[in-house]
Amino acid sequence: MTFATSGNLPKPLDPTIQEFVAHLEGEGERLKKLMGEDMTTRRKIAEMVREKFSRSGPVMASVIDMTLAESGLKLRVYEPETITAPGCMLYLHGGGWVMFSINTHDRLMREYAHRAGCVVVGLDYSLAPE
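Whatever position you read off the sequence shown (first residue = 1), add 1248 for the working numbering.
If you're looking for bench data, these hints aren't it; they were derived computationally from the structure. The structure displayed is predicted, hence computed values, not measured ones. Worth double-checking, as some hints may not be accurate.
Unchecked claim - In silico lysine to aspartate or glutamate, EDC-like type, Cα no more than 16 Å apart, as pairs:
hint : residue 1 : residue 2
1    : Lys1300   : Glu1329
2    : Lys1322   : Glu1273
3    : Lys1300   : Glu1273
Stated by the list, open to error - Restraint-style ranges between C-beta atoms, simulated for each label pair:
hint : residue 1 : residue 2 : range
4    : Leu1321   : Ile1265   : 28 to 34 Å
5    : Glu1273   : Ser1304   : 18 to 24 Å
6    : Met1314   : Pro1377   : 39 to 45 Å
7    : Ala1270   : Ala1333   : 32 to 38 Å
8    : Ile1265   : Gly1344   : 21 to 27 Å
Just so it is clear, CB atoms sit at the ideal spot from N, CA and C, and this is done for glycine as well.
Based on the sequences and whatever the hints tell you, model everything.
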């Protein structure tokens, strides 16, 4: 296999991404232990690992947590300081339907709202197998 030494070389990672990758690598041993734990413990550890990078992000005009009366589902609504796009974006957080939450994806939803210039609604859906 040969590697390019000139031309379109990959750009270095952003320092924040480098820090995130280093953090995950540092948590590697603890993450490996997840396989032997029950799902509740796995979820707690996964939330703790992501906590540092879930905080902060762009400042919003408002962030509102609410619960839908009929279903009990929780929502978080992000309104950016400047709205430039009509409508809103519904965000379903990652995690294979079994992990994570709107808390672990808070920063990402703030980034989407800020960069897209629209309201973002994050749904904190029930995780499988619940």
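**Prompt:** What are the numbers of the hints the structure violates, in ascending order?
**Reply:** 1, 2 and 6
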